[in-house]
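Q: Read off the chains here:
There are 2 protein chains.
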Amino acid sequence: MRVYNFSAGPAMLPIEALTAAQSELTDWGGSGMSVLEVTHRGKPFVACAAHAESALRSLLAIPDNYRVLFLQGGASAQFSAVPMNLTASGDKVAYLNTGQWSAKAIAGACAQDLDVAVLADEKATSYTTVPSEGSFAVPADAVYLHYTPNETIGGVEFGYVPDSAGIPLVADMSSTILSRPIDVSRFGVIYAGAQKNMGPSGLCVVIVRDDLLGHSRSTTPGILEYKQMAESDSMLNTPPTFGIYLLGLILDWVAETGGLAAMGERNQAKAQALYAAIDNSQFYANPVALDARSWMNIPFTLADPALDKAFVAQAEAAGLTNLAGHRSVGGMRASIYNAMPMEGVQALIDFMTDFEQHNA
Amino acid sequence: MRVYNFSAGPAMLPIEALTAAQSELTDWGGSGMSVLEVTHRGKPFVACAAHAESALRSLLAIPDNYRVLFLQGGASAQFSAVPMNLTASGDKVAYLNTGQWSAKAIAGACAQDLDVAVLADEKATSYTTVPSEGSFAVPADAVYLHYTPNETIGGVEFGYVPDSAGIPLVADMSSTILSRPIDVSRFGVIYAGAQKNMGPSGLCVVIVRDDLLGHSRSTTPGILEYKQMAESDSMLNTPPTFGIYLLGLILDWVAETGGLAAMGERNQAKAQALYAAIDNSQFYANPVALDARSWMNIPFTLADPALDKAFVAQAEAAGLTNLAGHRSVGGMRASIYNAMPMEGVQALIDFMTDFEQHNA
Numbered sequence: 011m012r013v014y015n016f017s018a019g020p021a022m023l024p025i026e027a028l029t030a031a032q033s034e035l036t037d038w039g040g041s042g043m044s045v046l047e048v049t050h051r052g053k054p055f056v057a058c059a060a061h062a063e064s065a066l067r068s069l070l071a072i073p074d075n076y077r078v079l080f081l082q083g084g085a086s087a088q089f090s091a092v093p094m095n096l097t098a099s100g101d102k103v104a105y106l107n108t109g110q111w112s113a114k115a116i117a118g119a120c121a122q123d124l125d126v127a128v129l130a131d132e133k134a135t136s137y138t139t140v141p142s143e144g145s146f147a148v149p150a151d152a153v154y155l156h157y158t159p160n161e162t163i164g165g166v167e168f169g170y171v172p173d174s175a176g177i178p179l180v181a182d183m184s185s186t187i188l189s190r191p192i193d194v195s196r197f198g199v200i201y202a203g204a205q206k207n208m209g210p211s212g213l214c215v216v217i218v219r220d221d222l223l224g225h226s227r228s229t230t231p232g233i234l235e236y237k238q239m240a241e242s243d244s245m246l247n248t249p250p251t252f253g254i255y256l257l258g259l260i261l262d263w264v265a266e267t268g269g270l271a272a273m274g275e276r277n278q279a280k281a282q283a284l285y286a287a288i289d290n291s292q293f294y295a296n297p298v299a300l301d302a303r304s305w306m307n308i309p310f311t312l313a314d315p316a317l318d319k320a321f322v323a324q325a326e327a328a329g330l331t332n333l334a335g336h337r338s339v340g341g342m343r344a345s346i347y348n349a350m351p352m353e354g355v356q357a358l359i360d361f362m363t364d365f366e367q368h369n370a
Numbered sequence: 011m012r013v014y015n016f017s018a019g020p021a022m023l024p025i026e027a028l029t030a031a032q033s034e035l036t037d038w039g040g041s042g043m044s045v046l047e048v049t050h051r052g053k054p055f056v057a058c059a060a061h062a063e064s065a066l067r068s069l070l071a072i073p074d075n076y077r078v079l080f081l082q083g084g085a086s087a088q089f090s091a092v093p094m095n096l097t098a099s100g101d102k103v104a105y106l107n108t109g110q111w112s113a114k115a116i117a118g119a120c121a122q123d124l125d126v127a128v129l130a131d132e133k134a135t136s137y138t139t140v141p142s143e144g145s146f147a148v149p150a151d152a153v154y155l156h157y158t159p160n161e162t163i164g165g166v167e168f169g170y171v172p173d174s175a176g177i178p179l180v181a182d183m184s185s186t187i188l189s190r191p192i193d194v195s196r197f198g199v200i201y202a203g204a205q206k207n208m209g210p211s212g213l214c215v216v217i218v219r220d221d222l223l224g225h226s227r228s229t230t231p232g233i234l235e236y237k238q239m240a241e242s243d244s245m246l247n248t249p250p251t252f253g254i255y256l257l258g259l260i261l262d263w264v265a266e267t268g269g270l271a272a273m274g275e276r277n278q279a280k281a282q283a284l285y286a287a288i289d290n291s292q293f294y295a296n297p298v299a300l301d302a303r304s305w306m307n308i309p310f311t312l313a314d315p316a317l318d319k320a321f322v323a324q325a326e327a328a329g330l331t332n333l334a335g336h337r338s339v340g341g342m343r344a345s346i347y348n349a350m351p352m353e354g355v356q357a358l359i360d361f362m363t364d365f366e367q368h369n370a
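Chains A and B, in that order, are what the protein sequence lines are.
Going by this note's numbering, the first residue of the first sequence is number 11, and it counts up by one from there.
Going by this note's numbering, the first residue of the second sequence is number 11, and it counts up by one from there.
Incorrect hints may have been included.
No distinction is drawn between identical chains; accordingly, a pair holds when it is met within one copy or between any pair of copies.
Only pairs whose alpha carbons sit at most 35 angstroms apart, straight line, appear in this in silico DSBU-like list of lysine-lysine [what the hints assert, rightly or not]:
#: 1; residue 1: LYS102; residue 2: LYS319
#: 2; residue 1: LYS53; residue 2: LYS133
#: 3; residue 1: LYS53; residue 2: LYS237
#: 4; residue 1: LYS133; residue 2: LYS114
#: 5; residue 1: LYS319; residue 2: LYS114
#: 6; residue 1: LYS319; residue 2: LYS53
#: 7; residue 1: LYS114; residue 2: LYS237
#: 8; residue 1: LYS102; residue 2: LYS53
#: 9; residue 1: LYS114; residue 2: LYS102
These are computed hints drawn from the structure, not numbers from a lab.
The whole structure should be built from the sequences, with the hints applied where relevant.
A: This is the structure we're talking about:
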């Protein structure tokens, strides 16, 4: 029996992609080899990677002047790679701090001998808000503005794309990419770990505007250097082949289920249903400001934290797994990425209603 | 039909491990989730990673004062990470250059503002030799000595572990780890991309002596920083979970087939058989010095290079794939890692004999 997995990542993947991978795991395309065994330099895998890139380009409508890189090290590697690729020592960079992932990105910049300007920090609201549009001024001499469109732990999401006042906008989209259409042309760099909406862990997708290539520091490890990776089609060294293969299967599934517009409608409907269940209850609560509520990660608390363990255990027994909140905040968290169907959200709502009736 | 895949990496994997992974790819251990979907922070995956580490420790008899890290970025990331973790700006480091992978490691060090001493360079023999034991002096003020025990492209292998004169010995074992027993206590750092003898691409194993932790430069990306990774059990960020899982399955297979002593005997027998077939022929030739011949990667040329394409095509049709030599050297190359059975080597020898009879 397949469960509904509310994990924040690695997370639920479309069963269609998993079944396809399973069926050919020991014989890929009649080659007599697993996709895990084929050389990345051979035509079959080069075509597989090209398919993943072109499917991503098509779904996100990525303009021609952007390069797509398939890297390793997760989004965390980009916390260092972004400043290493875009700045020189002493440069000014700007960040928005909306929670734990923003803070890690800021720490990555601070380690690179930069003048780090934090233009907004939502600490006063315990990171339950995002800065309102136009509430911060972007320094004209900053090299880029970095933000985290969706904070996986806090469940806080920007409802708008910040105006970066002409400097490149850099976004960690790990937990929101592919959840709805975006306008890539608004960004200088988009990066995203795959393990939420795109595939397995171990693959990080970077989408970078081509004028931003070629400005890296000489000490940048080659595997994180955008220009070398762009020029080698992400094969400066052996790429994470299985992750790229699975990304292709998952992108096919996204396209087959209607593309990003349809995906966005489903995701919005899922989130609205769960928030409504929380808001209509006296037993559950979500702390996030209404205009900053995430479609992907929905934290909620029970009226009595002493019931948390029972909630998690009974949910697990009902086939609703990984609902415990992040270890740093407690409570509950339901991550409802692309692969979570409305049926899974409805099953959670039904369980929550039942649990409340028995425990309120 | 399963083929014999002579790729240099990603490479043939044991079918037992592939079949096991396939059987549970949509339902791991009765969890109702794929191993690709489970959180790395949950007990099941933490146990899975601990199993992989303990199986590796057992097979390699890794002493207690060594840490095992599961990193990303391949061995190529370590070309930067080794100097970033072990040196300060201006330090002296020592390297042996035995071919293309050594050269990349040296380039990685040169990018980090170091005094790089290349103690031996086999350029004079076109990298068909290794420096003889005791033929180079290790500077007492060097921070470490780095070498490449097996050169995947040249098919050149050290028959001994160099004496590093008391400074830490660092080895890129990507293409030789697990091929036979080694004495880990001789080394300061061992690193190896998984995609030859250990699993899929995207996972790099680092084995580091614990006194070498904590000396990194402040600019080192966290995902490459040994101490932070050791202290977080390689989960500073989301690790490449599927690669770690598959590593565990493959290590189980190594143990079940007799461990590293038996593996070494099989690998030696496979290599001896193929070298004998080459040496006993007037049609095939291997350029490598007898005392430097690799057990893992065996390059060979045909008497007439005009026959190369026909050889590759006919071999492919006979179920012997990926025999074309590295794009930088041409000719043929048979990579015969752990998962290549003697039957595969014998099938190649039979094919070579037949091809020679028809074309000599």
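Q: The structure should be examined with respect to each hint, and the outcome stated for every one.
A: Hint by hint, here is what the structure shows:
1. LYS102 to LYS319: Close neither inside one copy (46 angstroms) nor across copies (55 angstroms); limit 35 angstroms.
2. LYS53 to LYS133: The answer is between: 32 angstroms across copies meets 35 angstroms, while 51 angstroms in one copy does not.
3. LYS53 to LYS237: within (23 angstroms within a copy, 39 angstroms between copies)
4. LYS133 to LYS114: within (15 angstroms within a copy, 45 angstroms between copies)
5. LYS319 to LYS114: Result: close within a single copy only, 29 angstroms intra versus 52 angstroms inter.
6. LYS319 to LYS53: For LYS319 and LYS53, the Cα distance is within 35 angstroms only across copies (16 angstroms; inside one copy 51 angstroms).
7. LYS114 to LYS237: both (24 angstroms within a copy, 18 angstroms between copies)
8. LYS102 to LYS53: neither (44 angstroms within a copy, 42 angstroms between copies)
9. LYS114 to LYS102: Answer is both: 18 angstroms inside a copy and 33 angstroms across each meet the 35 angstroms cutoff.
Hints 1, 8 from the list above are not met by this structure, while the remaining hints are.
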